[in-house]
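Peer 1: Could you build the full structure based on these sequences and the hints that come with them?
Take a look at the letters that make up each chain.
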Amino acid sequence: MGSNGNTSSITINLNGNDVDVPAGINLVEAAAIHGTEVPHYCYHPQLSVAGNCRMCLVEMGNPMRDRGTGEPILDENGVQKIGWIPKPVIGCGTNVTPGMHIKTESSMVTDSREGIMEFLLVNHPLDCPICDQAGECRLQEFATDYGRGYSRYVERKNVKPKRTRLGPRVTLDDERCILCSRCIRFCQEVVDDDVLGFVDRGSFSTLTCFPGKELSNNYSLNTVDLCPVGALTSTDFRFKMRVWFLKESPGICTESSAGSNILVSSREGVIHRITPRRNDSVNDSWMADSGRELYKSVTNEKRLLTSSVESQKCDLSSAINSAVTFLQDKKLGIVGSCHSSLEEQYLLTKLAKTTKAKKFLRGHFGDDDGILVSADRTPNLRGTLVTGFSTKYPTDDLTEISEAIDKKSISTLLVVGEDLFNSGLTPDQLKGVSIIYIGTHENATSSRANVVLPSLTSFEKSGSFINRSFRLQKFKQAVPGPAGLLPDLHIIASFLNALDQEKEQTSDIVSIWKQLSKSSTNPLHKIKYTDIPQDGIQLDSTRWSDLDFVEKKAMHFSPRKLNKVTQN
Amino acid sequence: MIKKSTPKERRIILKHADDPNYSNKIDCYLKNGGYSVLKKAFAMKPEDIGEEVLKSGVRGRGGAGFPAGMKWKFLDRKSGKPIYLICNADESEPGTFKDRQIMYKDPHQLIEGMMIAAYAIQAKQSFIYIRAEFFEGARILERAIEEAKEKNLCGDNILGSSFCCDLVVHRGAGAYICGEETGLIESLEGKRPNPRIKPPYFPAVLGLYQCPTIVNNVETLCNVKHILEMGGDEFAKLGKPNNTGTRIWCVSGHVKKPGYYEFECGALTLGEMIYDVCGGLLPGRSLKAVIPGGSSSKILRADERFTGKLKDGTEFDWGIDDIPLDFDGPASAGSMSGSGGIIIMDDTVDMVEAMANINAFYAHESCGQCTPCREGSLWMRKITKRMCSGHAREEDADLLLSVANQIEGRTICAFGEAASWPTQSFIAKFRDEFELKAKNDHSKPTLQLI
Ligand SMILES: Cc1cc2nc3c(=O)[nH]c(=O)nc-3n(C[C@H](O)[C@H](O)[C@H](O)COP(=O)(O)O)c2cc1C
Ligand code: SF4
Ligand code: SF4
Ligand code: SF4
Ligand code: FES
Numbered sequence: 000m001g002s003n004g005n006t007s008s009i010t011i012n013l014n015g016n017d018v019d020v021p022a023g024i025n026l027v028e029a030a031a032i033h034g035t036e037v038p039h040y041c042y043h044p045q046l047s048v049a050g051n052c053r054m055c056l057v058e059m060g061n062p063m064r065d066r067g068t069g070e071p072i073l074d075e076n077g078v079q080k081i082g083w084i085p086k087p088v089i090g091c092g093t094n095v096t097p098g099m100h101i102k103t104e105s106s107m108v109t110d111s112r113e114g115i116m117e118f119l120l121v122n123h124p125l126d127c128p129i130c131d132q133a134g135e136c137r138l139q140e141f142a143t144d145y146g147r148g149y150s151r152y153v154e155r156k157n158v159k160p161k162r163t164r165l166g167p168r169v170t171l172d173d174e175r176c177i178l179c180s181r182c183i184r185f186c187q188e189v190v191d192d193d194v195l196g197f198v199d200r201g202s203f204s205t206l207t208c209f210p211g212k213e214l215s216n217n218y219s220l221n222t223v224d225l226c227p228v229g230a231l232t233s234t235d236f237r238f239k240m241r242v243w244f245l246k247e248s249p250g251i252c253t254e255s256s257a258g259s260n261i262l263v264s265s266r267e268g269v270i271h272r273i274t275p276r277r278n279d280s281v282n283d284s285w286m287a288d289s290g291r292e293l294y295k296s297v298t299n300e301k302r303l304l305t306s307s308v309e310s311q312k313c314d315l316s317s318a319i320n321s322a323v324t325f326l327q328d329k330k331l332g333i334v335g336s337c338h339s340s341l342e343e344q345y346l347l348t349k350l351a352k353t354t355k356a357k358k359f360l361r362g363h364f365g366d367d368d369g370i371l372v373s374a375d376r377t378p379n380l381r382g383t384l385v386t387g388f389s390t391k392y393p394t395d396d397l398t399e400i401s402e403a404i405d406k407k408s409i410s411t412l413l414v415v416g417e418d419l420f421n422s423g424l425t426p427d428q429l430k431g432v433s434i435i436y437i438g439t440h441e442n443a444t445s446s447r448a449n450v451v452l453p454s455l456t457s458f459e460k461s462g463s464f465i466n467r468s469f470r471l472q473k474f475k476q477a478v479p480g481p482a483g484l485l486p487d488l489h490i491i492a493s494f495l496n497a498l499d500q501e502k503e504q505t506s507d508i509v510s511i512w513k514q515l516s517k518s519s520t521n522p523l524h525k526i527k528y529t530d531i532p533q534d535g536i537q538l539d540s541t542r543w544s545d546l547d548f549v550e551k552k553a554m555h556f557s558p559r560k561l562n563k564v565t566q567n
Numbered sequence: 000m001i002k003k004s005t006p007k008e009r010r011i012i013l014k015h016a017d018d019p020n021y022s023n024k025i026d027c028y029l030k031n032g033g034y035s036v037l038k039k040a041f042a043m044k045p046e047d048i049g050e051e052v053l054k055s056g057v058r059g060r061g062g063a064g065f066p067a068g069m070k071w072k073f074l075d076r077k078s079g080k081p082i083y084l085i086c087n088a089d090e091s092e093p094g095t096f097k098d099r100q101i102m103y104k105d106p107h108q109l110i111e112g113m114m115i116a117a118y119a120i121q122a123k124q125s126f127i128y129i130r131a132e133f134f135e136g137a138r139i140l141e142r143a144i145e146e147a148k149e150k151n152l153c154g155d156n157i158l159g160s161s162f163c164c165d166l167v168v169h170r171g172a173g174a175y176i177c178g179e180e181t182g183l184i185e186s187l188e189g190k191r192p193n194p195r196i197k198p199p200y201f202p203a204v205l206g207l208y209q210c211p212t213i214v215n216n217v218e219t220l221c222n223v224k225h226i227l228e229m230g231g232d233e234f235a236k237l238g239k240p241n242n243t244g245t246r247i248w249c250v251s252g253h254v255k256k257p258g259y260y261e262f263e264c265g266a267l268t269l270g271e272m273i274y275d276v277c278g279g280l281l282p283g284r285s286l287k288a289v290i291p292g293g294s295s296s297k298i299l300r301a302d303e304r305f306t307g308k309l310k311d312g313t314e315f316d317w318g319i320d321d322i323p324l325d326f327d328g329p330a331s332a333g334s335m336s337g338s339g340g341i342i343i344m345d346d347t348v349d350m351v352e353a354m355a356n357i358n359a360f361y362a363h364e365s366c367g368q369c370t371p372c373r374e375g376s377l378w379m380r381k382i383t384k385r386m387c388s389g390h391a392r393e394e395d396a397d398l399l400l401s402v403a404n405q406i407e408g409r410t411i412c413a414f415g416e417a418a419s420w421p422t423q424s425f426i427a428k429f430r431d432e433f434e435l436k437a438k439n440d441h442s443k444p445t446l447q448l449i
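As they're listed, the protein sequences go chains A and B.
With numbering that gives the first Met the number 0 applied, the first sequence corresponds to residues 0 to 567, in that order.
With numbering that gives the first Met the number 0 applied, the second sequence corresponds to residues 0 to 449, in that order.
No lab work stands behind these hints: they were computed from the structure.
Nothing false has been slipped in among the hints.
Capping the alpha-carbon separation at 25 Å, the derived lysine-lysine pairs in BS3-like fashion look like this: (1) B/310 - B/239; (2) B/72 - B/239; (3) B/148 - B/44; (4) A/295 - A/246; (5) A/156 - B/384; (6) A/527 - A/352; (7) B/310 - A/86; (8) A/513 - A/358; (9) B/197 - A/86; (10) B/310 - B/236; (11) B/236 - B/308; (12) B/39 - B/123; (13) B/197 - A/102; (14) A/330 - A/502; (15) B/190 - A/212.
Peer 2: In structure tokens:
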């Protein structure tokens, strides 16, 4: 489904009403636009059409024309007759054409759906009470709508393997599989890793991995999400939680600059799983397995939970106070972070201006998988450009700081999240330098810091990131942070308020955005935070077109300029 | 099987097949005028050959009876993609054993037909997809192709015409569904033979490797040679309008002389076939039913009357013996001539057992891709199997019919019909036997909670 405007619209007749739909879409989508659900299993908007479940059968007819002359054939009222096809057609595999008539509510359609539901259930196990899918199972849902309510099946059900390990993260219950082939198509078409297939035939068809292969690619868990039933389960999540207890919050994956849209599911403040959230401009309906693990860092043993000054635990406000004293050093350097939210980067830029500090930034890079894990392993490098924290592309170290130290132009460093010691600096170099550390987890820098200010992970705060395509995307707090901790925004705003008492700096995101969007030369001009839609806003990035971004061509992303590193 | 031509037979395709002095070697074929039509073809424009085939009215011999000339016209020539020709030699419809006669006994006839067809549609690569069980057939064909290549009758620059077409024999792996043309194409591409959805994957537009492809049956492709030899108009005089040429009928079951017989279309009736050609029923038996076109076609009851109007408007009122053996005859009687496999059943046949046999075949052969066929075919098999093991229930006949009705018209490929038509017709015609089974059975199945 492209953006509006560039697709032409045609008129079709849906259940007796003329309606406009975009040309070229299929009947499932066309009906959905007008609020009519065509039940389906195998169809997935982002995979090829398989047409195998036959759940989406509808009645279809086209305006009749004379075979010889091509003239419309009219009825007695002068209206063009409709040639109804005597058999139902699949809604997923049939595209709209002008004047097409569709019935999604008729005795033929109801009869088809009831028949398909009955067939799907005859060999299906009675596992609902112990099935992870229960509550989000399409088979359960449609069985309620189209099931007979009683069974005509008195034969023995087929027996198939109940617990097949397909790979390190995915377990298959073959009896529950309705053979829709979504998982197979996903691996072939999205991941280009042809590992799954059916063996045996007919009703004995069984999903399995090809000999010698396993479903171990970094996207394997998407098969669990797209499986319409409880056949594919996450080995990690299996039997752990009933889905109806979970609260879902929209987030953005911080694994890389791809910025996959996610849903963070939690119960009573504890995160239980991360699943992809559909965004057709970014990640379709997918995300990497590795990104789903990130929530585990929230409760990681290295998590910083208390503030300290000179290694002495203290409360947050006294830690902020002593930090402010350090920040008055005229030889201040600020190490920003590509992991920070846009709002945090903006306030940090402001702080650098107020304190006349030198700004430093490090990038984090890895292999680009050409899908949803990009070479830039931070969620918001572009934010540092848009907020003006940085004007150049960062390298993956902070050796620039050593030169500044050698020139004696730095004696205090405010570090957000980074570890100086794995960024090319040595303890010797930093001997005479005072360090203030803001971050979520312990590292060598926090251990060495004079002031440590623990902060919140992206699951515990709200904000926005700018992804590799310069798409501005919001994420929402999913769970409360550990007791006594405040978001980075609050900490930096406190610094600003202490250092410049004339202007009051707010830590409220909506108000920060009023400042952020003021400048007419900035792509954020006139954007209101509350107006940013859930699927983001594409920003104008022409100003940075000369930079050598490291990302490779990937899903919904094409680099304008090929990176020098990847060219060799 | 009898080798002698029976009265009234008109052997064109099988002209030499059973001649004791005839062999499947190329020298023998050449001696009998072989490959002269190919030479003639190269003197013609490819599209003119297509015209002759269109004029001949020849209908596909694989089962559906679609006019071959028309199919060739649908070929997407504008795409600029290579065009492929595939010979469907998967012959596995129960009751059908005609294609193998050609391939085993007269392989060069097929090769000549294919090279002519390939030239007509401008295919540079062609395939014979042969049923797995025809080991010997594959070997014979491979040797024949070698011979043809040595004589420059196949392969590069055929007969100096500058036309090139390679021919490859590809063996199936033992699945009936590989006979369905899009399943066949998938299999040829090295995949599981899951038939493709149509639209959009009509072979003539998006066939093998997503290129325009023509799939024709062995017998159909042999006919191409004879059409060109006689000319389309002359060929059309064989048989009847809309039912041109000859057909090879495969008669099996309870007759004295089962076998394959080639006749002009409509030259004889089903009764003449059974009683005159096949020597009638076994002593003391009477005719119970006939499946006229392979196991997929609807069964006909011996004591039925078939009435209605033919396409040309003439009314008919036939008994089973009066049904003309051509394309339209069995179709007018509510069945079809299908693959030409005529299965004769006498009064010793238990219809429920026959049904169970057919259902077992379809449940085993369903590719399993689409829900109705996958689950329905096995369900029907389980019901009839249970009925035959002393656990029939009164409601089984209705249930079988309902399951079959839930399959028909809702599947990806025509296998759905192939699997449901037998059940529908058996219940329609022999419901009494299904119900009697329940009455005679004393043990009832225990209901399983599901
Ligand atoms: C389930 C199924 C099995 C089939 N098996 C065969 C077969 O074994 N041989 C064959 O020639 N056609 C078979 N067909 C028909 C083919 O799909 C196709 O129509 C035919 O090969 C076209 O050739 P023709 O036009 O020359 O008849 C089968 C069709 C179906 C639906
Ligand atoms: S897949 Fe759905 S219908 Fe099947 S056992 Fe699980 S919840 Fe129940
Ligand atoms: S495992 Fe799930 S997604 Fe895969 S074929 Fe079976 S039902 Fe479909
Ligand atoms: S109708 Fe049967 S054989 Fe044909 S695609 Fe469907 S499951 Fe396969
Ligand atoms: S959704 Fe499965 S056939 Fe259309």
